[in-house]
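Enquirer: Chain by chain, the residues run as shown.
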Amino acid sequence: MFDFFLLEAILNGLLFGGVLALLSLGLNLVFGVVDVVWIAYAELVMVGMYIIYTVNILLGWPLYVAAPLSIVGVSIVGLLVHRLVIEPILNTPPINQLLATGGLLFFLQSFATLIFGSQFRNIGLSLPVVEFFELYVSFARLLAFGVALVGIVGLYLFLRRTYIGTAIRAVAQDREMMGLMGVDTRKVYLITSAVGGALAGLASILLVLQQDVHPFIGLTFGPITFMICVLGGLGNLFGGFIAAFVISQVISIGSFYVSTELSYVIAFVLFIVAMFFRPEGLFQRRS
Amino acid sequence: MLKLQGLSAGYGSFQALWDIDLEIDAGEAVAVIGPNGAGKTTLLRAISGQIAPWSGSIELEGQDLRTLAPHRYVQAGIAHCPENRRLFPRMSVEDNLRMGGFIPDARKAYGERLEWVYGLFPRLRERRHQLAGTLSGGEQQMCAIGRALMSHPKLLLLDEPSAGLAPVIVMQVFDLVRRIRSEGFTVLIVEQNIRQALELADRAYLLEVGRVRLSGPVAELKGNEFLRQAYLGL
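Chains A and B, in that order, are what the protein sequence lines are. Quick note: the first sequence, position 193, residue 193 per my numbering, numbers continuous. Quick note: the second sequence, position 221, residue 221 per my numbering, numbers continuous.
Chain B extracted, bound-state conformation:
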């Protein structure tokens, strides 16, 4: 469904990604793991249209995304739940969700989508009128994911959903992502929490210094010696 070929990108004169090949099929959960500064967030930003690739291609269901204006990626079916959540702090939970459902297709289905998101995240319903900036870390993460889901994306990008959260909350978040998967959503997740990421995903890519170092089904990767020693501490 999503296909990246030879993707290179960066900021100004600084190159962050070199020649990335990546694929995701519908219904899959793919993890991108790697150390800080590897380029994981840059990768997601290129996929969601926030930065323009220097070279290479990005295709969603065969459509070349590079021809689209940045704000059209949501309409094309890519929702990005960014690092640090980035909720609108002085707007209510419900207003944040409303913004997630801004595109015309989502507006038509607003009522039912809102109900569905509240069904997934009952705590958000309780706090629907509360200002998003006053929510706890876990609640903010749920709100951010809920906001991304309002557009019913073909591809959901999650950037470090466990960041800054207590271990118990991290497990709740990953359970929720599993639940979202079971509803049929395709997920690309960037995580520093490698264990949780590998528990969740079908396939994974290991990114180091802007390049794909390893990739493959999670079962294979878990047995990979390099990965085990360098990243899993085994």
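Next comes chain A alone, as it looks inside the complex:
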């Protein structure tokens, strides 16, 4: 006899995994190409959520306008992050990037608090629960997964089928050779940063459908995003993708059997154990 509640948990885990996968892709893309970690990545998603809130609630424009604006907006933020924060310290010791993007994290949180206050804000969207073969799923989750899928497939096609996407993949594999191919690496970094921002903007759409936004929301999914990226191998798009679904299932099924908080603990413990055996990441070829 099927345990439908368990199946629901698995399904929700799958849907949750899609969102985490999208988040991990943006972070991994920037690290794999530019070789910097955007500590403030989750805060970029927060910026996107606030953009949607501002456009939809404060300006009153419809969601289908607010959503693309978020993607464009955070994409521009990504560009600015690279141009203003990363470029000046690009060839200096990595500790500088960590400090700079870490500082950016605090800056964005404080800036958001300054403008919006620390209250939880919601776009007031009430989406139904749908029935799917006797399983109950929130439509918001389904929608979010669908959008995430579009984003992931879009990124895949971009990287595989376009010249600039191929160049982005190449930079991650042999930076020095890019000049001999006639590629301006500076431009590639900027475009990658813009794409990383756009992915964060896309993720913000998914999250705003299901959650309230507040200045510290980055803390709720930031650590887990990093954990997923490291688990799959930092910079490894495929690894992060798989790790996202593995972790989301651990959390979802764990929530079902024990509690949500404990499920996160279990996920982190598994991560620590995995790091003992494969510190470079489950799917990483190099160290």
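Some hints could be false.
[Unchecked claim] Derived lysine-lysine pairs resembling DSSO-like cross-links, with alpha carbons at most 27 Å apart:
#1 B:K108 to B:K154
#2 B:K3 to B:K154
#3 A:K187 to B:K108
#4 B:K222 to B:K3
#5 A:K187 to B:K154
[As the list claims (entries may be wrong)] Derived DEER-like restraints, expressed as beta-carbon distance ranges:
#6 B:A163 to A:L84: 41 to 47 Å
#7 B:R179 to A:P223: 55 to 61 Å
#8 A:L80 to B:S57: 38 to 44 Å
#9 A:N91 to B:D25: 35 to 41 Å
#10 B:F14 to A:N96: 25 to 31 Å
#11 A:L84 to B:E61: 39 to 45 Å
#12 A:P223 to B:R128: 15 to 21 Å
#13 B:S8 to A:Y163: 23 to 29 Å
#14 A:L157 to B:R179: 32 to 38 Å
#15 B:E23 to A:E176: 55 to 61 Å
#16 A:L114 to B:E61: 34 to 40 Å
#17 B:R66 to A:I76: 33 to 39 Å
Hints were generated in silico from the structure; no laboratory data involved. Glycine included, C-beta positions come from ideal geometry on N, C-alpha and C.
Since the structure of chain A is already known, use the hints to place chain B on it.
Expert: Chain B in isolation, oriented as in the chain A frame:
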């Protein structure tokens, strides 16, 4: 077509090249030979814009190359097939070739150029979707040369194409270079395999410790006593 005058270059505080004069005319094949550490690779890197010269000039068809940003040298017509091939290992053969044809002029002609390269290297066509890192040494060399050819360069720089390859494969590679020459390409080849290099080239320069020690038509050099004793073991 290519003219180097008084070129000096190095890395950091270390000088690798002193006062190099070198010329290549269109359609020629010129070899740069010499022992390890002579500065041959440094010379190629200066010509392809990877390192900036300390002094001296580099001119391609009269244009001063030193004013160009490094990534513009390909557009100017210089393709460099580096030492150790340096393919993108986790990309397919075809993607590597695509990267060779990245510049706008090459993109316009991508389809026909790709066909032409596959025509030169049928084995690459067979393995077009294979990851470049999994190719054999000889296949990697072919892929690297093919990648450089995708930009239809005025000048093709080959850095030690025979390195690490079995003798039979080395002969295949040099046959291919001869074939490329016959299609009209100008080639500057750096080689430790002096015999093969002298069989292929019209003229050669002998580089020792960063300076040109000998230069001239290959026929002359083959008769040079010093060269024969020191490098050809005769």
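Enquirer: Among the hints numbered above, which are violated by the structure, and what are their numbers in rising order?
Expert: 12, 13, 15, 16
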